[in-house]
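Student: From first to last, the protein sequence lines are chains A and B.
Position one of the first sequence corresponds to residue 1 (full-length UniProt numbering), numbered consecutively onward.
Position one of the second sequence corresponds to residue 1 (full-length UniProt numbering), numbered consecutively onward.
Since the hints were derived computationally from the structure, they do not count as laboratory data.
All the pointers check out, no bait thrown in.
Straight-line alpha carbon distances no greater than 25 Å define the calculated DSS-like cross-link-like pairs of lysine-lysine that follow:
#1 A:Lys132 x B:Lys379
#2 A:Lys421 x B:Lys205
#3 A:Lys54 x B:Lys212
#4 A:Lys703 x A:Lys751
#5 A:Lys421 x B:Lys212
#6 B:Lys212 x A:Lys62
#7 A:Lys769 x A:Lys703
#8 B:Lys212 x B:Lys67
#9 A:Lys751 x A:Lys769
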Amino acid sequence: MATIHVDGRAYEVDGADNLLQACLSLGLDVPYFCWHPAMGSVGACRQCAVKQYKDADDTQGKLVMSCMTPASDDSWIAIEDEEAREFRASVVEWLMVNHPHDCPVCEEGGHCHLQDMTVMTGHDRRRYRFRKRTHRNQYLGPFVAHEMNRCITCYRCVRFYNDYAGGEDLGAFGANDNVYFGRHQDGVLESEFSGNLTEVCPTGVFTDQTHSDRYTRKWDLQFAPSICHQCAVGCNTSPGERYGDIRRIENRYHGEVNRHFLCDRGRFGHGYVNRDDRPRCPEWRSQASDESMTLEIDAALDRGADVLRSARRVIGIGSPRASLESNHQLRELVGAANFSTGIVAREQACLERMARLSRESGLPTPTLRDVEEHDAILVLGEDLIQSAARLGLSVRQAVLGRREELAEARGIPAWNAEAVKTLGQDNYHPLFVAYPTATGLDGIAEASWALAPDDIARLGFAIAHVIDAAAPAVADLDEATRLEAERIASALLAARRPLVISGGSLGSEAVIEAAGNIARALSRRARDGGLILVRNEANSTGLELLGGQPLEWALDELNTQMADAVVILENDLYHRLPRERVDSALDLAEVVVVLDHQRTATWNRAHLGLPAASFAEGDGTLVSLEGRAQRFFQVFDPRYIRPESRIHESWRWLHAVRAGMLREDVSDITLDAVTLDCARRTPALAGIVEAAPGSDYRVEGLKLAREPHRYSGRTAMRSHLNVDEPRTPQDPDTPFTFSMEGYNGFERPRKDVAFAWAPGWNSPQAWNKFTDEVGGHLRAGDPGVRLLHPLPGGYDYVREIPSSFARRDGQWQVVVLPRLFGGEETSSRSAPISERAAPAALILSADDAQRLDVVDGATLVLETDTGRVALPLRLDAALPAGIVGVPAGLDAAFSSGDWGSLFIGPEAGLDAMGPETGAHSKGPETGPLANDDSGRDERADGGEERP
Amino acid sequence: MTASQRYRCQLHQSAAERSAETHPLTWRLREDSALIGLDEYLDKDGYAAVRQTLGSQSPQDVIATVKQANVRGRGGAGFSAGMKWSLTLQGGDLPRGYIVCNADEMEPGTFKDRLLLEQLPHLLIEGMILGGYANNSRFGYIFLRGEYIEAARAVTQALDEARAAGWLGADIAGSGFDFDIALHTGAGRYICGEETALISSLEGKRANPRAKPPFPGQSGAWGKPTVVNNVETLCNVPAVLRHGAEWYQGLSGGLSNDGGTKLYGVSGKVNRPGLWELPIGTSGRELIERAGGMRDGRALKTWLPGGGSTGFLLPEHLELALDFDTIGEQGSRMGTGLLTVVNEDQSMVSLARNLEEFFARESCGWCTPCRDGLPWTVKILRALERGEGEQGDIELLEELANDLGPGKTFCAHAPGAAMPLESALRYFRDEFERGVTHPRGAAHEDPIPVGEV
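Work the whole structure out from these sequences, hints included.
Tutor: Below you can see the structure in the form of structure tokens.
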């Protein structure tokens, strides 16, 4: 700690900070641009100038940049000094020299850091009378819009994009007052984190393109604290709504999870909420072949109760993309014995192993923030940038952390960003990655290996054995792998905090258990390590804790006519199992009830479809991959703008259906009651009640406002429907109002913040007002509650080790490779995500392709026992021979571990590769291809002869 | 173009005037300005300092001698080279770093390093070997201004000769010291003369300066301890080590507290522009006399003592000793010590506009005052030059000059640009006032027409 004197008052601050951090953490307002809490100081903008004095007696002082000056003990500074104030006003005046006066038509207006700082410094008269410099803008893809004339050259964009996130296609070009931030030519930004530019940029150069088509000012948006549903990481978001549509997703600061940044799938993947084809009313059809008819709520509930009551046995199929509350309510409806998680058996087995390891590996699961504190990382069987992108970004920071250690040893403070980078150069903490192909983190990895899943597992088991000889040895281990295992093991053992990362992406229990053995071995060697296991979907972890049968069991119950009715919750079964499998089960079901917020192939099979709330219209709880239960809150009432809409949370529908089945009156139900009931019925979920405050939570006697206090147009926005303004929708479920009335301040600490705003701080920089220190934790504590904790015990190693991968003649092993864009069901239904997704392709090693005499781009047909698909071939330099890579989200007929044949396919029909329309080729054009050399008639080297 | 037609730096001192005892930098130069190759250099006591020093003196001894001699940085800043060397981190588990010669001579009105580079590159190499030895550098870089084609040719030849003769490479002169030098020709940015921007550029990055601390001696090129010295500074080192610190101190006689000689020069409206190696502290009057006095009989109006980034001085300052401290006391800087002479016919507004155009163009664009403030001064100066100035323009220029001053910008580029502007306004305000013809107008009088950029 250090004592600093600011404008004559003494404060205790962290002496390791710079003065700007220290002042902002104290809640003092110092304007700044180039500094960012996650990216440190570079001293470029000169906006944060303050007067510094040598001591208490110095009256002269000199201007210093507070961001570049250590907050050393007994510092004397003045923010309010006249010279400092005038200089800061001058800086904004210079920044404004070329800045267009286009705030009224600029999409940053209203949450613009430049606006805030201009007001803060008092610059309000233009003196520059000459012509402004102008730039051309670029097309940067479907996510981010570009308007370079607004640029104030703070360099934050390139520092985030390149240094922080590892991007390579955004740069600073030119010099003097003609610096240009863009790509070398128009084109889609390659980084998976490009959307953060919209928040990192202090003004409107980089804005949210997906928001642009239907734009609304921040102060006119209605927000709620939400949790991203697009993967299992559990990033906190603030979706903003206007006129019944989600207009944009902003980052919601969580000190342990996402902090300042989101991935592009999370930020731009919400479009499915706004689809015109969403079911908004109950739909009924007596026969599968009938046209559906729309029902009112009561009629729908009556039909539902009737058909389910008359059924012999009802199976409930839950969903890892639905809330715990909805899944719980489904289980209450059908009974625990009839409940399926909706997850396929292989994935569920992986989830069960992961849940056990989270408790029984001896190592705790770090938060994302804590991931960044680890100094050696092994990733087994995950391409984190594709499967859990935000976690991948944290791993990158951990690896770069070596630079800060080196800098510290040289007396360079961690916040001195450019100096840390210069000194550190390409010194990284060791990162090792084993995956079937190249991954997004290979560029900063000490070593990476492209291996078949079984070989990844063997490498992992071998590492565990090196760390602890009591761990089982790998039979028939080749010498090269043994040496690699020793190398990795010694790096993990040498680390202060080694981290093991694995997960279910490859569907391999062996890979997960290999990671588990390494964790146990590290734990036995008393290493202060961590184990983090990647789950597939937003609530996969929660569904495993809730428990239930796998999806195949549910279909089997229908197929064998052990049950004749099924209720399917927010789950498109065709995304999980082959079409024929699902069709045959649903064909046999007398009653199919589907609750969903999307018009899926499964919905189209429903006799009764009930329109469910998405995250935007409903509340609930999810459990993230770290085992953190987090509540998401309804953003808006769908009936306010669309009175015809009958959307409700699935848990509300299911409660009513159950009451109807039991011939009871439908009682009121609230989120608090369902959450409590779920917690009581499932001991593993007992903690979820504490994940967020209940609906009776008040601040200063007030509920919390979803709308900023400048929210406008409330009396007019429904006038096309009715000039009477209805009563504001009431929210019985949460402490939030659908209104600008309610608490929205920062002075009283609170965990669940719908939108960050503080007087004078309209931009995302307002989060600094809500944290205990800049970049720290929310002052009330970070939201959510951890459900998975290591349990003490003597856990033995897993001893089943697969044999090494063996190629088969004429057969290829299928590996389904996760994709950030296009690999996830709901976000794939958003136009910008499908535009951003790479064209689907079958991936084959260059060796195999050469042996098969097929070239890049040729059409290839993959046929397995369960499916067949024709796709262009993409050669992969890293993939091992004998493996064919299939992109995730393409066709549920394929799952990792299947074996299939390859054919050279027809040329046509390659453009329709959507999940609904996977191109199933009519038949092979040529015979199956062989993956050995016997089919080739010439041999270049004239070497050994084959008999 | 034949060799004889090629421009050569002009040293206007005869061989007779120059001796090893009095002209450590230039005594070896030939009357015909031809390049001095390795053989001739060896004949003229070349590499004697290396032979004498390496292996017999410790690096710390070398630093102590240079420190005692008080060789002040000849690139213009005047910081003690020995002091800089003593701050280079060495020892322990620190990697051996780099010594970089700043030969990116781009200061307006400055052409002194060029003389040494073109005609006596072995002296620089010898200085760098000694500097590399003192700073425990593994490698040396000569960061040469890209337009110095002739110098590049000379340095390349000298490096080849030195390497072939064992003055560079492994185990130099049997001393056990490994060291080599590479030539890097710059791509043409004035800011590369700033030592940290030079390092950024050398690394292949944008030529942006770096914040200090950490200083290059702590974390320089590629994060390793790095020392950057000007050509003339390094060329002084062999003689200092050959003849000792006291001798070097004595070279300036009673003219200055600083030691050694200075490669002075004059350009502008004089009869005989050129270069002279003279004791540091020689007056401006003597230099202009040596340059043959004012051309065309016009009177001297003002002069810049050492490049475009120094402050204007008046004829009354001609008697002052041209050394770092004396000129510094007058609100200017000695800078490179090459005078730019302005006569009574020249417009100060145009001169200031020309200089500020240069500095505005050469801003790297990193910090706000420099990037956006300098172009504003240019536009005001252009308006004044055209007679379209507005009331308040001069006050605004003064405000900008003040706000671009030391401590407020990221590096010394903008303060260097502010100094001639501020001093021109101070001494010749009436010339600027003549350009003010309009009352204060509204902003945006010249909007960009729609559809056109």
